[in-house]
Each structure stands twice: as C-alpha cells, then as structure tokens.
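Student: Residue numbers (the numbering used here), protein chains in the order written: chain A, 1 to 229; chain B, 230 to 866; chain C, 867 to 1123.
To be clear, the hints were calculated from the coordinates, so they are not data collected in a lab.
Be aware that a few hints might be false.
Simulated crosslink set (DSBU-like; lysine-lysine; CA at most 30 Å straight-line) [said to hold, decoys possible]:
1) B/Lys696 with B/Lys568
2) B/Lys696 with B/Lys714
3) B/Lys235 with C/Lys1103
4) C/Lys1002 with B/Lys413
5) B/Lys732 with C/Lys1002
6) A/Lys104 with C/Lys944
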Amino acid sequence: MNRIKQFYGTAVGKKFVVALSGIMMAGFLVMHMIGNLKAFAGEEKLDHYAAYLRDIGQDMFGHETVLWLARIGLLVAVLAHIITIVLLVKQNHKARPVKYHIQKSFAATFPARMMRVSGLLLLIFIVVHLAQFTFGSWLSTPFEEGKVYSNISQAFGAGWLAWFYIFMMFIVCLHLYHGLWSFFQTFGIDNPDRNKPLRALAIVVSLVLFIGFSSVPFAFATGMIGVAK
Amino acid sequence: MELNSKIPNVPIQEAWRTHLDSINLVGPKNRPKYDIIVVGSGLAGASAAASLGAMGYNVKLFCFQDSPRRAHSIAAQGGINASKNYRNDGDSTWRLFYDTQKGGDFRGREANVYRLAETSTEIIDQCVSQGVPLAREYGGNLANRSFGGVLVERTFYARGQTGQQLLLGAYQALEEQVAKGKVKQYPRTEMHDIVKIDGRCRGIVVRDLMTGEIQTHAADAVVLATGGYANVYHRSTNAVNCNVTAAWRAHKQGSVFANPCFVQIHPTCIPVHGDHQSKLTLMSESLRNDGRIWVPRKKGDSRKPAHIPEDERFYYLEERYPSFGNLVPRDVASRAAKKVCDDGYGLGETGFGVYLDFRDAIAKQGKAAIEAKYGNLFDMYKDITDDDPYETPFKIYPAPHYTMGGLWVDYNLMTNVQGLYAIGEANFSDHGANRLGASSLMQCLADGYFILPQTIGDYLRDIYQQKIDEDHPEFEKHADAVSAKIDSLMNIQGTRTPLSFQKELGEIMWQYCGMSRNATDLKKALELIPKLRKEFWSDVKVAGTKDSLNQSLERAGRVADFLEFAELMCKDALERDESCGCHLREEHIHEDGEAKRNDEKFSHVAAWEWMGEDADHQLHAEKLSHEALKPTTRSYK
Amino acid sequence: MNFTLSIWRQSPGVPGKMVEYKVSDISAETSLLETLDMLNEELTLKGEEPVAFDSDCREGICGACSLVVDGRAHGPGKLTTSCQIFMRSFTDGQTIHLEPYRSAALPVVKDLVVDRTAFDRIIQSGGFISAHSGPKPEPNSMPIGYDELEESMDAAACIGCAACVAACPNGSAMLFTAAKIGHLGLLPQGQPERDQRAREMVAKMDEEGFGACTNYAECQDACPKGVSIKFIGRMNKDFAKAMLCAEDDRRGSMDVN
Chain A
1 MNRIKQFYGT AVGKKFVVAL SGIMMAGFLV MHMIGNLKAF AGEEKLDHYA AYLRDIGQDM
61 FGHETVLWLA RIGLLVAVLA HIITIVLLVK QNHKARPVKY HIQKSFAATF PARMMRVSGL
121 LLLIFIVVHL AQFTFGSWLS TPFEEGKVYS NISQAFGAGW LAWFYIFMMF IVCLHLYHGL
181 WSFFQTFGID NPDRNKPLRA LAIVVSLVLF IGFSSVPFAF ATGMIGVAK
Chain B
230 MELNSKIPNV PIQEAWRTHL DSINLVGPKN RPKYDIIVVG SGLAGASAAA SLGAMGYNVK
290 LFCFQDSPRR AHSIAAQGGI NASKNYRNDG DSTWRLFYDT QKGGDFRGRE ANVYRLAETS
350 TEIIDQCVSQ GVPLAREYGG NLANRSFGGV LVERTFYARG QTGQQLLLGA YQALEEQVAK
410 GKVKQYPRTE MHDIVKIDGR CRGIVVRDLM TGEIQTHAAD AVVLATGGYA NVYHRSTNAV
470 NCNVTAAWRA HKQGSVFANP CFVQIHPTCI PVHGDHQSKL TLMSESLRND GRIWVPRKKG
530 DSRKPAHIPE DERFYYLEER YPSFGNLVPR DVASRAAKKV CDDGYGLGET GFGVYLDFRD
590 AIAKQGKAAI EAKYGNLFDM YKDITDDDPY ETPFKIYPAP HYTMGGLWVD YNLMTNVQGL
650 YAIGEANFSD HGANRLGASS LMQCLADGYF ILPQTIGDYL RDIYQQKIDE DHPEFEKHAD
710 AVSAKIDSLM NIQGTRTPLS FQKELGEIMW QYCGMSRNAT DLKKALELIP KLRKEFWSDV
770 KVAGTKDSLN QSLERAGRVA DFLEFAELMC KDALERDESC GCHLREEHIH EDGEAKRNDE
830 KFSHVAAWEW MGEDADHQLH AEKLSHEALK PTTRSYK
Chain C
867 MNFTLSIWRQ SPGVPGKMVE YKVSDISAET SLLETLDMLN EELTLKGEEP VAFDSDCREG
927 ICGACSLVVD GRAHGPGKLT TSCQIFMRSF TDGQTIHLEP YRSAALPVVK DLVVDRTAFD
987 RIIQSGGFIS AHSGPKPEPN SMPIGYDELE ESMDAAACIG CAACVAACPN GSAMLFTAAK
1047 IGHLGLLPQG QPERDQRARE MVAKMDEEGF GACTNYAECQ DACPKGVSIK FIGRMNKDFA
1107 KAMLCAEDDR RGSMDVN
C-alpha cells in the first residue's frame, strides 16, 4: 500500500492513473456506442437492450447489481481521472510561474493543446447527459424511466439538442484522440517507428466513436428514425 | 632549485609497478581524515575527484561552469586511443608508447609516456563498466577506427561525441560521490589563487561568480585540472571561457611552467569570417581522408571554385608531399596552409582560407558513400556557414587547438610546489612537442582515474596530522590580495573593454608566435606584449559591479593573466632555438621544409620559474632520457 | 543587417522586464551570441551593465547556452543550440525577443542566466552506474548488440541544456530524466541499479519542482540532440515496474560500518 501511495505521489504514477482511467472510459464509450446503435434496429430492440443491461448477472447477483458495479467502477475512473488531472495541473502551474512574453507552440497538436478545455466541456456534458437520460431530472424534454427510445426520440427530435450532442461528440473525439495516443506513449508502447500507425489508430478509433455516436442524434433530428409525433 | 622527476631508475617497462610498490599509501580508515581540492571538472578533474571520493577522501570540486558536465573535454570528437590490439594488427603497449613519443618529436618523458600506454587499456575497461556507450560492431564487440599518424586501428569512439560520453561517464561517477557526501561541488566558482604555508600548498582562494564573494578553502592537497591555454590566441577551438588563470596564479606562487611554447594548431577548422567571431569550430581531421586541399594558382581569383579549371588549381600538399599528400600530420598541414595564404593565395576577403574539396571523391565514390562517411560533418558545416559542401568545397584554415605545455609535474603528477598537483591538459604532459589525435582523452583519464589516486597517498601520508584550516592568517592575506586585485580592475574605468585587449593580444600571438616562429618576430612580440599589458592596466573598462554575476569582470581577470602568460610563451619560443613538433623555428628547417631538431642542446623540458613581478623568469632544464627510444627525424615525403 | 533586440533584464532581488536595444551593421554570418557580445561591448563602453548570458563551447555540445528566442527554446530551426543560431535566420529590421528559460526549478540568476543545478541533483539521485575506478572486466566478455548500443547512445546524446524544460508548457524535465534512465537502462552494465535508479530519479524530478508530462512532445521538438520521447515511455515502464513489482530496496541494510 505504501508503494502504491508513493507511486501515486509522483507525476509519472499519476500519469498512469490518468491513462488507465482514461482507457477505462474509452472502453465504456465503445460499449455505449454499440448500445446506442441499437436505435437503428427500432424501439423494441433498444428498450429491450436497456432492460437487459439491468438484468446482466441477475441470476447470480440479483437485479441491477452488475449494472451498479459497472456504474461505480466508471464513477471511480471518472473521479480518479479528474482528481489526478487537477493535481497535475496544479503541479504544472507551479512549475512555470512566469509565462513567456512570446508564447508559441511548435510540436503540440491542436487536440493536445485543447485537452483541458475539452475535458472541462466533457465534464459539463456528462452532468447534463446523466441528468437528462439517466436520472431524468433535467426536464427540458419528457422523460419516462425505461422508455429509452421514446425519451431520446423526443429529446433529439427537438433538433438543437441533437446538434449540441453532435458537437459534444466532436469534443469527445478530440479529447479521445490525444488521450488514446497518450495512453500508448505513457505505457511506452509508442516508438518512432510505430508512431504513425498508433496515431492513425487513435484517429480511427476517435472517428468511429464520433460517427457512431453522432449518427443516432443525427438520424433522430433529421427524422430518419424516431417515434411519430 | 632542483627539479626531481622521481622516475624510478629501472627500465621504463618496470617503472610504474616499481614506483607503486615503493611509495607510501594511506589506509582506508585514514582517508576520511584528508581533504583534497580539485579545480576543474573536465575529464581529468571529474575522474580524479570521483576516484578520490570513492576511495574515502573528502573532496571539494570547483568549476567556473554552471555544472561540472560542461567542461570543454565535452567537445572532443574523434576518439580515445588504447592498445587493446582488438584488430589483431600488431598493437601493443610498446607500439602506443612509440607512436606517442615519436608523434611528440621525442620531447616527452619516456617513463611517463610508457605508463600512459600501459594504462590505456584499463581506461577502456573502466569507461565501459560505467556505461559509456563506446561504439560496437554488429557482433557486439567494441569497434575501432583509425586515426592519423599510426599504423594500427586503436581508436575507440562514441559517434562523433567521444569526449562528451567519456566526460558524462566521469561526471556521473562524480555525482554519485556528491550524493554520498564524499565530494562537495562548487559550480560557478573560479579559482584565483593558491595558498602556500611553510612551502606546502594548503588551499585556494576562490570567487563565487554568482555573488562575487571571495572564499577560502583549506585542504591537505590541491589538484589543478584546469585545461590548456589556447585562448591566448583569443580565437581557438577551445570554449570561449577556457583560460590560463588557475595555472598562472599557481605559477606565480612558485609552480614552474614547462614548455609553454608547445601549442598544437589544428589544420581543419572553419576560417575566421569577421572581426566579431568569438570562436573557431573544428571539422574532424578525418575529412582529409577523401578531401583534396587546394588554392587557386592565380592570386585573388574571385571565380567560383567550380569554375576554376583543374590546371589552375594548386594542390599544394599533393605537390609537396607526394607520398602522404593530404594526409600529412597536423602540424605539417597547418604550416603548409599558412604558407600558401601568406604567399597571397588564400581565399576570400580575409585571404585566410584554403579549399577542402570533395568534388573528385563524390565523382568517384558517389554522393551516398560520402554522405555515409561524413554526413554529419557536412551538415554541421552547412549549418554554420550556409554553404553546401556537396556543391562547393569546404573552406578551412588552421586554428589553435591544444597546448602541450603546462605546469611541470613529477612522476607522481605533483608540481614542484609540495601538495600541488596538475593533471590533464594543465600539466606539461606526455605529448612532447606535438600530440597525436585521440591521445588527450586518454591522458586525462589515465591521470584522473588511475595515476593520481594512487600517487597522492605518497604525499598525504607525509603531512599526516598537520591540520591547517581557513583561520590561518595566510588565507586572509591571500584573500585580501585577490580582493585588492579585483578592486583595482574595477577601478580603472578606462576606455577599452577586456575583450578588445584579448583580441589584440590574440592577434599579436597569432602573428608573431603562431604556426611558425622566428627570433625577430618573437622579439617584436616581447616588445608589444608588455606595452599592451601596461595599457590594459591603465585603460581597461570593466562594467557592472563586483558583487554579482559579472562576466565582464571574469573576462578581465582572465585577460590580465593571458597578458602575463603570453610573454612567457614568447620567451620560451625564443629560447627554444630549434624546430620540434609543433614548434617550428624558421631558422631551423631542413631543405625539404621539415622541422630540424637540435637534440644536443634542446633535448630537455624547459621549466620556467617566476621570480617576481619585476624580475625575469629563470629557466630550469630537465634533461630528457632517450634510453628506450633513439630520436629519429620525422619525414612525410 | 539591423535588429531590435528585446531582452529580459533582471538583477538579483529586482523584478525583471523586457528592454529594447538596437544593433546595427551585423553581418548575416554573425551568430546570435556574437551579436550579444557586440551589444555588450557597446553597453560596457556606455557605462551600462552588459547582458548576462551563459555560453561556453559555442559549437553546440556543452549545453551551456540557454536562450528562448521569439518563444522557441534555443531559437529558430531544429536540432540546434542557441550558439548555433546565425543572424541570417532573421529578417533585416526584425525585433528579436530573447528570454531566459521559465521554470520554477531553474530560477533566473540574472538576465538570461538560469540556475540548472537541479539537473545535477537529478543525476545525483541515481543517474550513474556505481563502478569505482580500478581494474574492470574485459569489455568484450560482455557483448552488446549494435542496435541496443546505438539506442542507448541516442539517449546518452543529451547535453543537459534543459531546453526540454524550457519548451514544455508544463516545465517538465521528463525528457532529460528519461534520457539518462534510458541510456543506462539499455546497457547490461546498468541492470543492477535499474530499479532504484528509476524510483529515485523520478521522485527527485518532482521534488525539484518540475512539471508533469502531458505528451505535447514540445521537448522532443526543441531538443538539440533529437532525443525521442519514446524514452519517456521507457522510463514510465521502468518506474512502474520498479514501484509495483521490484524487490524492496535493501541498500543501507548491508552496511557494517
């Protein structure tokens, strides 16, 4: 335990925590996206899938237990990610107390430079998103527990919200591109001769997620799918 | 004064072992009772401080750079010699000894040179153990390259950064001892004086360059590893801050200075382009393997080199030295370049430069082959000059590079001042009148890792329990003198900058005591230098204050010492009325233009003793023994 | 050529500021540091204090020079040091901004001079192979593959100039530390101390007040010797292994004295 404390006490240790929690969230995003795509299969399939999520492992652990374990795991990852980054940002600010008169960047990619901004936007987005579709406490659109298809249909049918979601998916994609590549770099998987394929992989994964996620609100907003009004 | 070299009276092959077996040692329990000061953190200083610290002594290490890792050993490119005989080409301790002694034109001390050759293989073992990444072959064994002037492949290297890697190895060993508390390092601290008490060196006076504070440090022995004095020419291949100050101030406290006129001028450097240039960059000697050196036959020919037809090109080395051609040794190549330029054939506005042309090599071997061999050098040249040597020839000119002279030391590396040691380039060393390529790194590390740590005990045991600390009145006296000197520099407030004096001195030295010398010129220099020195002390203007970082003051102090040292250098050059190695006296040249030694009169180390500000130096000649190797004439025709 | 030099001037205990100086009749082949030399000559004669800046070898290997030129560590161009910047890289009449490195761990001493002793302390914490001078095994008894050796040399090429810290938006010293851990860790000689080296050097780096890595790769871009950020990945792995998997550090427990 002492060693883990020491490990987390260093900047390198924290980087691992950021990378690991990040990759956990990225894994979740992939599952989430696959689930979302069920929307194209119709209302029944999607709602059934939503119900299935609550039933996973129910014969062994009881109703919703596995779901809640996953939720807690995810929450821990999110918190670890955020807290660690706050600690690192504090360390970094302390390390450069006086700024340069001429500030330029020469190597950092746009997504890399946007990490803090995109991360903050995502945090806000997660709150909004959970309020809207998980807790139903954000009442801008009608919400009924268990009626996933109808909930999102009504939400995205409104149009502007769909475009907001699509924009946020772009931010996710931006964040994920640098995050994913950073994961390879932090874990020492990157190497100059592998850098191009790994960068490409990060782009592909981010793009797939962007397209996969955006396609659902896009389809609802443009009326390709959805419950009749 | 009698100079006793303490070389055991046995054949040179047995000298080092015999000596080690007969000297005093300090036991491990007693070593922590001794304090040793090391000044300078290059290969010699860092390796000595690390070794002494590891043995248990308390070491203080001083350097003027911001970190010990920046000492100028770091700039050595080519390699380090060792007689490992890995190529199975007949190398041996004897052959390395022979090459070094012959390369030095038989003006080195036989026993020292032999010891150096003996130690060379241990250095490689030591450095590899420390993690110095010396180049390997595909099979995993150490690689070698060949270097000028010898018939075997014995040079070990780490790309073009051998000096850097060896220095980092020594620096890391040093930092390990710092972490263990056995060495305390004082970066950005410059030595200003040594303190002698009862005829023994018992400490130093330094200036903290950050605060200007004058400090005193007492010790049982002081080791100077402060490098060479090539910056007496202002522009050289040395780092801009290299200086003679530590050695000179020790000299003025009684340490005799040996062979100051022996200076190596490296033939392949990027020429001076303007008055404000601060330094000359060396291009590796290896370029002469494939490049051809020439100047236009027509004086002041302003055509582009590519437009000058073959029969109008003067390949002067190939014409004068048909068998060695462009591969004559450094001193010969340098002097030939100087001659054609003095005759008016030099290139460009300054007239000081010759072409080193790869046109024919590229035509014959292809650009790819040349790129593979010399790519990094071509790039480096292009970065500096903005000329592409694949398209247009290199322009090169000789530049001061290494100084064989230095503080006189005995076989233990102790100067004639008891308790004061000099190692590395700072001592008059093992290179005689000319150093072979890849030998300076070897000497520095031999001194620092293996010789000094073993010989210093001989003296230390001798002074056991005579502890002296900084409260001794001599320390205050010396510190006051140093402060007074700094005050007087600050107070002149004349009209010329320290740099302008260094430039002027450099020009005098280059013109009158440069690559070839004669009595008339040297006498002229001996008139000009005291005049310039007088002007310096009445008209120099030092900016800023003495109690903070002041690079103007640092330079002023160094120039003041160069102005005194330069005179001794010219005196020595005048006194040595023969040609040998790098020291060419125009009065003594064979008909074929080669150096003519005078072994009857000058087979000695010229050691000069300081007799006071107003008195002349006194010469002490240490006769050289030639029992093992009879001197012969070098010829490269 | 004529230029305006906007230079950070700072004396001990006084807050610094940018001050403008004009320099004229500079030839294109003059180096940036020589231009500063010339400015200093003028300032000295005018009775003003010259600009303090670090430099020594002036051939790009000692690592002393340490300017930030127009927002770029060392100056325009790749694989270069401040001393190898020539005035032809600027346009006539241009204003050139010269600043010191900005890092809490490398405090400004005066004008453009910073204190880099933190780097020495990082090396002290483990950047070495303990091998006291004395007879050592024959090097060829321990063959080292060509590629391994060359990769180690890629890392060993670091000149300790700290441009990586200056260029990193976080003021991180990861590239410097990783280069030393990589250099020694890739060699068989470096294995016995590999774990403790990674543990202690990484901890020291934080202790000295350097920032963390966010994979911007600015350090790699500014590095005059082209040291790759792959060594940072290597260091991370070494560190994680040393912290989470390696045996306990037993140094100290064996001393009898």
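Student: It remains to establish, for every hint, whether it holds in the given structure.
Tutor: Evaluation of the provided hints:
1. At most 30 Å may separate the alpha-carbon atoms for a hinted pair to count; lysine 696 of chain B and lysine 568 of chain B exceed this at roughly 57 Å.
2. For the given pair, lysine 696 of chain B sits about 29 Å from lysine 714 of chain B by alpha-carbon distance, which is consistent with the 30 Å threshold.
3. With a C-alpha separation of about 55 Å, the suggested pair lysine 235 of chain B and lysine 1103 of chain C falls outside the 30 Å cut-off, and the hint is violated.
4. Distance hint between lysine 1002 of chain C and lysine 413 of chain B is fulfilled; the C-alpha atoms sit about 26 Å from each other, no more than 30 Å.
5. Annotation: proposed proximity of lysine 732 of chain B to lysine 1002 of chain C is violated, straight-line Cα distance about 47 Å (limit 30 Å).
6. Distance hint between lysine 104 of chain A and lysine 944 of chain C is fulfilled; the C-alpha atoms sit about 15 Å from each other, no more than 30 Å.
Checked against the numbered hints listed earlier, the structure breaks hints 1, 3, 5; every other hint is satisfied.
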